[in-house]
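> Input sequences plus hints: build the corresponding full structure.
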Amino acid sequence: MALPTAAIERVSELGIDDFSFRRGRKFGTILVDLQSRNIIDLLPDRKAETAKAWMKAHPEIVLVSRDRGGDYASAAASGAPQAIQCADRFHLLKNLGEALEGVLAQYLAAHRTHLTEEIRATPLETAHGIQPPKLSPKAAQQSQAKREERLAQYQHVAALRKLGFSQTAIADQVGVAHSTVSRWLSSGVFPEQKPRPRKMELDSHLSYLRERWEAGCHNIAQLYRELVARGYTHSYWSVYEQLVRFFPEGRKNPHIPDQLARPPVLARQAVFLFLRRPSKELSPEEQETLAQLRSLHPEVNQAYELVQQFVHMLRTRTGEQLDDWLENVRASQIREFQGFVLSIERDKAAVVAGLTLPQNNGLVEGNVNKLKLIKRMMYGRAEFPLLRQRVLHALQLKAYYTH
Numbered sequence: 000m001a002l003p004t005a006a007i008e009r010v011s012e013l014g015i016d017d018f019s020f021r022r023g024r025k026f027g028t029i030l031v032d033l034q035s036r037n038i039i040d041l042l043p044d045r046k047a048e049t050a051k052a053w054m055k056a057h058p059e060i061v062l063v064s065r066d067r068g069g070d071y072a073s074a075a076a077s078g079a080p081q082a083i084q085c086a087d088r089f090h091l092l093k094n095l096g097e098a099l100e101g102v103l104a105q106y107l108a109a110h111r112t113h114l115t116e117e118i119r120a121t122p123l124e125t126a127h128g129i130q131p132p133k134l135s136p137k138a139a140q141q142s143q144a145k146r147e148e149r150l151a152q153y154q155h156v157a158a159l160r161k162l163g164f165s166q167t168a169i170a171d172q173v174g175v176a177h178s179t180v181s182r183w184l185s186s187g188v189f190p191e192q193k194p195r196p197r198k199m200e201l202d203s204h205l206s207y208l209r210e211r212w213e214a215g216c217h218n219i220a221q222l223y224r225e226l227v228a229r230g231y232t233h234s235y236w237s238v239y240e241q242l243v244r245f246f247p248e249g250r251k252n253p254h255i256p257d258q259l260a261r262p263p264v265l266a267r268q269a270v271f272l273f274l275r276r277p278s279k280e281l282s283p284e285e286q287e288t289l290a291q292l293r294s295l296h297p298e299v300n301q302a303y304e305l306v307q308q309f310v311h312m313l314r315t316r317t318g319e320q321l322d323d324w325l326e327n328v329r330a331s332q333i334r335e336f337q338g339f340v341l342s343i344e345r346d347k348a349a350v351v352a353g354l355t356l357p358q359n360n361g362l363v364e365g366n367v368n369k370l371k372l373i374k375r376m377m378y379g380r381a382e383f384p385l386l387r388q389r390v391l392h393a394l395q396l397k398a399y400y401t402h
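Each residue of the sequence shown is one higher than the one before, starting from 0 at the first, in numbering that gives the first Met the number 0.
Please note that a few of the clues may not be correct.
Here are the computed lysine to aspartate or glutamate pairs in the EDC-like style, where the Cα-Cα straight-line distance is at most 20 Å [as the list claims (entries may be wrong)]: (1) 51 - 17; (2) 369 - 66; (3) 371 - 97; (4) 347 - 97; (5) 347 - 40; (6) 347 - 323; (7) 93 - 66; (8) 51 - 40; (9) 46 - 364; (10) 25 - 382; (11) 371 - 66; (12) 55 - 40; (13) 369 - 17; (14) 369 - 32; (15) 25 - 59; (16) 25 - 12; (17) 25 - 8; (18) 93 - 17; (19) 374 - 44; (20) 371 - 44; (21) 374 - 97.
What the hints contain is simulated information worked out from the structure, not anything from laboratory work.
See below:
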């Protein structure tokens with residue numbers, strides 16, 4: 000027996016968005032009453048004509064919240080011309096972020112190029128005197144445990160000596176070499192072990208490697224083969240581990256200043272920092288990264304100021320400031336932002352409404368998740384009519400049991 004479906008009630012504030020039957024292939028449309036917060040209907044596709052016909056049957060609609068796609072804008076303009084169109088704030092921020100990523104990618108790429116040039120200009124030196132890398136917490140703990148064991152042995156040796164034991168007897172009883180006992184007793188104090196400066200096996204080959212590197216050979220495998228031909232007897236990985244300490248593609252170069260060796264963040268990570276809260280609300284590490292990014296170029300700093308102005312406008316619902324913001328962007332001549340300005344101009348009334356009114360498509364996105372849950376319960380075995388029936392019937396049951 001078919002499940003009963005109640006007639007669709009009057010809706011004054013409509014949220015509309017698409018959902019996928021098959022990801023990237025087939026789409027439908029979800030319609031949500033923004034006042035009751037419930038799904039009120041599903042459409043079998045996302046074509047403008049289908050949505051337009053549905054809206055025409057509901058002349059009581061006074062507001063349509065939508066994404067920035069052209070199909071739903073066209074449907075609302077012709078199907079519900081009396082309604083205010085409200086562009087979704089999330090999509091506005093997403094579009095701005097895409098434009099910002101283009102700006103940042105350009106200057107981060109230039110920064111990486113400069114970084115590489117600076118590193119290659121840094122003279123290579125032999126590794127004599129380079130201290131061992133800082134120990135990991137686990138290694139430091141093990142090192143401390145060994146020191147405490149040696150200290151206990153030293154104190155045992157000193158105590159036995161005071162009792163008159165010979166060095167040979169002390170060595171046998173404590174379990175250390177006779178030479179160790181002799182050295183400890185002659186020093187008079189506990190001998191702390193100091194890390195030794197490491198002599199790298201490549202020291203004698205560095206001048207040759209520098210010459211080959213500057214000649215354009217940056218292939219470590221090829222350099223290893225040439226070293227073997229020159230009499231080098233260690234493994235490839237020993238060459239690799241030591242070369243990365245000296246050359247630009249390496250993980251560490253002890254002769255490069257820290258501020259130069261620090262890799263810049265990715266453009267997408269930088270976008271996240273630019274779009275977040277004001278800098279004073281960021282962590283100290285985030286503030287430092289943000290300051291480095293803003294110092295890349297005056298245009299990057301200008302982009303940050305413009306983005307923060309837009310984010311503030313969005314969060315405080317002050318859409319009346321949009322015209323001033325658009326003028327500031329045009330005056331900045333930041334190329335990537337000009338396309339964003341043009342897209343706003345084509346949809347300006349809806350953008351102003353999105354930056355001013357409380358309605359947005361976040362509620363619709365939440366209902367899309369509910370729809371996906373019901374769709375998965377069907378295991379993809381039924382077509383659109385049954386999906387629509389189940390979604391609407393589930394909501395009717397919810398309404399029945401909550402009233």
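> Are the hints correct? Go through all of them and say.
Each hint tested on the structure:
no., hint, in the structure
1, 51 - 17, "holds (14 Å)"
2, 369 - 66, "holds (19 Å)"
3, 371 - 97, "violated (27 Å)"
4, 347 - 97, "holds (19 Å)"
5, 347 - 40, "violated (28 Å)"
6, 347 - 323, "holds (13 Å)"
7, 93 - 66, "holds (11 Å)"
8, 51 - 40, "holds (14 Å)"
9, 46 - 364, "holds (19 Å)"
10, 25 - 382, "holds (12 Å)"
11, 371 - 66, "holds (19 Å)"
12, 55 - 40, "holds (14 Å)"
13, 369 - 17, "holds (13 Å)"
14, 369 - 32, "holds (15 Å)"
15, 25 - 59, "violated (30 Å)"
16, 25 - 12, "violated (27 Å)"
17, 25 - 8, "violated (28 Å)"
18, 93 - 17, "holds (17 Å)"
19, 374 - 44, "holds (16 Å)"
20, 371 - 44, "holds (16 Å)"
21, 374 - 97, "violated (31 Å)"
Violated hints, in rising order: 3, 5, 15, 16, 17, 21; the structure is consistent with all others.
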